[in-house]
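Colleague: Residue-level listing of the chains:
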Amino acid sequence: MAGSGYGLDRLMISSPETNVEGLDFSDSPINQSLSDAEKIELYRTMMRIRRFETISLKFYNAGKMGGFLHLYTGQESIATSCASLMGDHDHMITAYRCHGHSLAVGMGMNECMAELYGKATGCSQGKGGSMHFFAPDKNYWGGHGIVGGQIPLGIGLAYGVKYNGNQGCSLSFMGDGAVNQGSVHESMNIAALFELPAVIIIENNGYSMGTSQKRSSAYRDCLAQRAEAYDMAWDIINGEDIYELRAKLHIAMERARKESLPTVLEIQTYRWYGHSVADANAKKYRTPEEIQKYKDEHDPLILWEKKLIAEGILTAEEAKVIGKEAMAEASAAAEFAESSPPPSIEDISKHVYWETDNDTEASKVGRHFFND
Amino acid sequence: MAGSGYGLDRLMISSPETNVEGLDFSDSPINQSLSDAEKIELYRTMMRIRRFETISLKFYNAGKMGGFLHLYTGQESIATSCASLMGDHDHMITAYRCHGHSLAVGMGMNECMAELYGKATGCSQGKGGSMHFFAPDKNYWGGHGIVGGQIPLGIGLAYGVKYNGNQGCSLSFMGDGAVNQGSVHESMNIAALFELPAVIIIENNGYSMGTSQKRSSAYRDCLAQRAEAYDMAWDIINGEDIYELRAKLHIAMERARKESLPTVLEIQTYRWYGHSVADANAKKYRTPEEIQKYKDEHDPLILWEKKLIAEGILTAEEAKVIGKEAMAEASAAAEFAESSPPPSIEDISKHVYWETDNDTEASKVGRHFFND
Amino acid sequence: MREIEYRDALNEAFDEELERDSSVVLMGEEVAQYNGAYKVTKGLWEKWGDKRVVDTPISEAGFIGMGIGASMLGVRPVMELMFWSFHSVAFDQLVNNAACVRYMSGGLINCPIVMRGPANGGTNVGATHSHCPEGLFAAFPGLKVVVPATPADAKGLMKSAIRDNDPVYVMENTLLYGNKGPVPEPSEGDFTIPLGKADIKREGSDISLIAHGRSVLHALEAAETLQKEHNISAEVLDLRSIRPLDQEAIIQTVQKTNRAVLVDESKPFNGVSSQIATLIQEHAFDYLDAPIKRVCTIDAPAIYSPHIEDEQLPNPRRVVEKVLEIV
Amino acid sequence: MREIEYRDALNEAFDEELERDSSVVLMGEEVAQYNGAYKVTKGLWEKWGDKRVVDTPISEAGFIGMGIGASMLGVRPVMELMFWSFHSVAFDQLVNNAACVRYMSGGLINCPIVMRGPANGGTNVGATHSHCPEGLFAAFPGLKVVVPATPADAKGLMKSAIRDNDPVYVMENTLLYGNKGPVPEPSEGDFTIPLGKADIKREGSDISLIAHGRSVLHALEAAETLQKEHNISAEVLDLRSIRPLDQEAIIQTVQKTNRAVLVDESKPFNGVSSQIATLIQEHAFDYLDAPIKRVCTIDAPAIYSPHIEDEQLPNPRRVVEKVLEIV
Ligand SMILES: Cc1ncc(C[n+]2csc(CCOP(=O)(O)OP(=O)(O)O)c2C)c(N)n1
Ligand SMILES: Cc1ncc(C[n+]2csc(CCOP(=O)(O)OP(=O)(O)O)c2C)c(N)n1
Ligand SMILES: [Mg+2]
Ligand SMILES: [Mg+2]
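Chains as they are written, first to last, in the numbering used here: chain A, 18 to 389; chain B, 18 to 389; chain C, 61 to 387; chain D, 61 to 387.
These are calculated hints, taken from the structure and not from any lab test.
Bear in mind that the values here come from a model prediction, so they are computed numbers and not experimental data.
No residue lacks a Cβ here, since even glycine has one placed at the ideal position from N, Cα and C.
Honestly, I wouldn't trust all of these hints.
[Said to hold, decoys possible] Here are the computed lysine to aspartate or glutamate pairs in the EDC-like style, where the Cα-Cα straight-line distance is at most 20 Å:
| hint | chain 1 | residue 1 | chain 2 | residue 2 |
| --- | --- | --- | --- | --- |
| 1 | B | Lys324 | B | Asp105 |
| 2 | B | Lys381 | D | Asp370 |
| 3 | D | Lys257 | B | Glu55 |
| 4 | B | Lys300 | C | Glu385 |
| 5 | A | Lys367 | D | Asp370 |
[Stated by the list, open to error] Looking from chain A toward chain C, a few residues come up when the C-beta cut is under 10 Å (computed):
| hint | residue |
| --- | --- |
| 6 | Asp41 |
| 7 | Phe42 |
| 8 | Ser45 |
| 9 | Pro46 |
| 10 | His149 |
| 11 | Gly159 |
| 12 | Gly199 |
| 13 | His202 |
| 14 | Met205 |
| 15 | Leu213 |
| 16 | Val338 |
| 17 | Ile339 |
| 18 | Gly340 |
| 19 | Met344 |
| 20 | His368 |
| 21 | His385 |
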């Protein structure tokens, strides 16, 4: 059975509401309302993610970082589209492949790069690392390492939005392998039962580490269809196309905000690199041809660039400038990170408890830490 | 919202393969092959379960037992039908509401009653109690208290059957509330993905403790339909009817044995008593009328009795004799239990490790127990 | 002072905190319409309605994770595990998401959440339903754990737990729910007990019995017997809070009596008492006249048999016997 | 003797046991076609095929429970957790089904299963991926726990674990996988090491350093420094097995040196060393010339920063400092 289940087997299935033959998503109101500047911003965001990772990879390989580095390259359109639709009461949470989401919601390259370097100036002060970027001030709740473990938190964000009487939603991301975690199933049932404004998003890049979708999941037509088990709305999205992404995401987000109903979205995408940089097998469980095809024909960044050029909004030269600026910004971030101080040994004991950090009355009673 | 979601809301939905209009399940080969004696045995088994519980309840209320007592009364047809179909390589595992399954697979009333009494002569030597009856020699693997926790074990039994090259299956039972445990979802995916000979059975009695199905689960038409999420076969069964039960169970078991494919079955049933005997609310979350209706019109024992009388196999007098015999057997079991010795303090430390119980070389190395 | 049941003391704590702070929500299986499996939340759904008292499906990982997520947005969920034993299906949410998210975010996020429910043996419900996980959770920095033994402590600690801005795990006890004890009237003012403060439940001079939860009652009963039958004066220290821990009180009582027996319903390997013994031998080494001894649950999964389970657990007889070994 | 890597020693153990017993199956995420996330199962799928080496979905509760169920029918699954840290999503199966089913059935059922994977900090993967749960699982009667520090121990203990008829949880270490050490040739005969036997990795007379896992290497390095720079002769006892535990060896070394420092990568509250300290003070009370001291991981969730994580963990410098406090 060697090689069984290898490779991508993408059905173009018809999703329940939006996959109407010949539909042009650029026509949808949420895309019509985009200004030229906003379209270019989307391009810039994707480019910034791409270049941030180019530089991360370089310095990871140079030994500047510890742990894992899970690159998002090839998937940038997803986080970018999602973030572009978020309002004041919308919240985002994701798994360990979180650099794209972090930059898309507006985190700075400096704090992100410094976090990779494990420096005190990092967004998590060097405590979280690559898998754990957070920016609550931007309604962004991380960055989580346990597969599937963030999905209950995500429906909790939706619960909080609803409890607080706000019209908003939560966007919770996971991969195609994560759908088989029990917590995901429990969350879907609760989201549907409690009518939570939750959009649960499967970023389906075809593989969980070295295991193709077919080898990890049993399903009828696609993974999002599992939503039917909970009588929940679902859709499937071509992740290469910003217009399609925004149009379909918007429908789900509005369903959450206005009707307080959840949706499962499956977004088809592809990761260019290995599972993490340490994944030496990246080219074993998928063919070099497959990888090349995605790079050549399915790069969301280039596809959007072409679209903007075709629409007359962007020139090839302007695109290049944006690329250069992004590269410069990422390089500067690496310098910032390099020159930042690491956390101190004393820092190890901070951020364990809110009460001790804030030196409250409560924190002065009893022993909280048990170092000899 | 007081009372919202109260009460049973049973859709008569059409299941995928067998709910054909006007189908008479008594015609199916697996029922045609039943001898008169076998049919009477089914009646006897149900009656024995009923009377075992009559006596258990009596002595539980008299303070003879500890912990919980989850009665199966009203659901006897299910375990009885299942056990009647089991061959040498078929295995059964269930949750804490396990008395019916235990007697149906052939455990003796004495060992079961003595277990309830916490005596050394109990099937688990007084260590398991009401929720934990086992009889591996009868391919019966218990009796489990953590909701949903037995389902992974159940697919493991299927895995074992297949691994050992046998044509058999596992029957794993849970309640309608248990379907929302993560482990159940993980197990269903694995069963489908690995093509395990597993029959996963939801005994849907409409309530998980005081919560109706509608208040605990989001679903489209019924709970078994969640199987579609894993592209798995499923069916729904009227649990009052032995012929329907056996016919549909047989299809699923044969699918497992011959094609090594799993099935989810939802069996509609009703529990007469509270969740456990301690459930003081039993009549609050459902109406007395609802309970009475099930007792009067849906008692699987009486319905089968009537059918056998109509078929001319059984007379009312013979039925009465069987009832009396069952009651006498149960009463004798209570006497057996009452007069049996309890475990000793030394027994507490037995059955922790196979190696120490068997006093092997391995068990003599190092300290296994940490009592001061 | 009026005497009320432990169960009602908790109920009063919830009621007062629901009143005080509109972000407090009670959540769990059967807590609302059913009034709680052990009636601890009785009447609260009727009084506070669907928004504040919420029934959940049997999905502990899902709903506890949801509570943690909601707490990040300022909701203050008080989550019931029908039994603390069911922690096993929600362990990831309990020890990673609740315990670590503040740390991993460098202090950007906090989780003001309470997890509660009964955690005890002694009710003949067998191995899977009789876990005492207070020591297990106290092992995770980021979590706080309290174990009230009396109605007053139950009310006072629960209210402090709800107001605390860190995750606090409150271990109640089905065998204490019906116990009565003095609890100040609400009219006498807001009644709270700080986390991290032990309580001398009985003064004594010959030996220290250090316990928490129901074991405190066993220790007190044993102390009476020791006094009457053996003329031994035992001091009983109720830890109340496992993390934060009142180490000072522990060391003080040992310095006073020079001997300690720890009474602990945990299993002996890494029970709470293992940590207490470790601390005492380190910080009161020169004061100890005898090795610290422990009375724990006999080292096996919980037996069902009602004839014998009480012998597996610490009980006054076992405590007396152990004391006599070292005094 | 030939020297091979810890990783290859394990691989050899699997290969030999797959050969010896057709009921042995390796199972876990990426163990087959991918050769294991840390290449511990390299080549085994190719050699033994789909039936004996099985990839699973990311469903730890599901597949571990499945392994336990299969073990009840005589299959002998060797289950990989890609990281032991992922125990949190399978905890119920690990501490209830595997640990208690024998007990609850009065001995009718047993679960001959091995759970294995790396359990360690020090690789900058943050709080959720750096748990050391050996003490946590050893707290559950019904389970056995071993923590090999060297390639030979890894092979010998793994083979014993696979043959053992109880659930054995083997804690490996990503930072040891690449270490080389002497391991007897297979041609020299079946090589096993019994569970429950500690090993003196270095003889000494002034102080006992008691450790397990990677901490053994830190202890050995510290012992060298103590000898050279301070003329202190430290004995290093490698526990190897946490449950069963070689209490005799522990007491003997303390009786010899009269002083102990426990080196333990656990967090300090209820780390393995809490239990060891408790046992020593009870069973060697009169032999102790100083309080038992511990070097544990600094009490906080695991920090990511590669600049600082090694300081959070026990390391030779911290061991030396601690020894100097009491010698
Ligand atoms: C509970 C748990 N099990 C296993 C892992 C190890 N692990 C990390 S990512 C991963 C693959 C996840 O794949 P997928 O969900 O498809 O996301 P992708 O990496 O493709 O973005 C695995 C097995 C983990 N972090 N947590
Ligand atoms: C993980 C877990 N959560 C909660 C419980 C408590 N509990 C025991 S049975 C039960 C209700 C289960 O209902 P259902 O699955 O419908 O089975 P039924 O009792 O109707 O047979 C609950 C909540 C438990 N034993 N385990
Ligand atoms: Mg993927
Ligand atoms: Mg039910």
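Colleague: Under the criterion of a CB-CB separation shorter than 10 Å, is Leu213/A in contact with chain C as hinted?
Modeller: Holds, about 8 Å.
Colleague: Let's test the interface hint: is any C-beta of chain C closer than 10 Å to that of Gly340/A?
Modeller: violated, 31 Å
Colleague: So, Val338/A near chain C? Judge it on the closest CB pair being under 10 Å.
Modeller: Constraint on Val338/A not satisfied, violated at 34 Å.
Colleague: Is Lys257/D close enough to Glu55/B, meaning Cα to Cα at most 20 Å?
Modeller: Given pair Lys257/D, Glu55/B is violated - Cα atoms ~57 Å apart, limit 20 Å.
Colleague: For the restraint on His385/A, tell me whether the closest CB of chain C is nearer than 10 Å.
Modeller: holds, 5 Å
Colleague: Given Met205/A as an interface hint, is the shortest Cβ-Cβ distance to chain C below 10 Å?
Modeller: Holds - the Cβ of Met205/A comes within 10 Å of chain C, reaching about 9 Å at its closest.
Colleague: Report holds or violated for the interface hint on His202/A, using the least CB-CB distance to chain C and a cut-off of 10 Å.
Modeller: Holds - the Cβ of His202/A comes within 10 Å of chain C, reaching about 8 Å at its closest.
Colleague: Using 10 Å as the Cβ threshold, decide whether Ser45/A counts as touching chain C.
Modeller: violated, 30 Å
Colleague: Holds or violated: is there a CB of chain C closer than 10 Å to the CB of Phe42/A?
Modeller: Since chain C brings no Cβ nearer than about 31 Å to Phe42/A, farther than 10 Å, the hint is violated.
Colleague: Is the hinted pair Lys324/B and Asp105/B satisfied, with a Cα-Cα distance of at most 20 Å?
Modeller: Violated, at roughly 29 Å.
Colleague: Does Lys367/A pair with Asp370/D here, judged by a C-alpha cut-off of 20 Å?
Modeller: holds, 17 Å
Colleague: Should the interface hint for Gly199/A be scored as holding, given a Cβ-Cβ cut-off of 10 Å against chain C?
Modeller: Holds, about 6 Å.
In this structure, the hints that do not hold are numbers 1, 2, 3, 4, 6, 7, 8, 9, 16, 17, 18, 19, in rising order.
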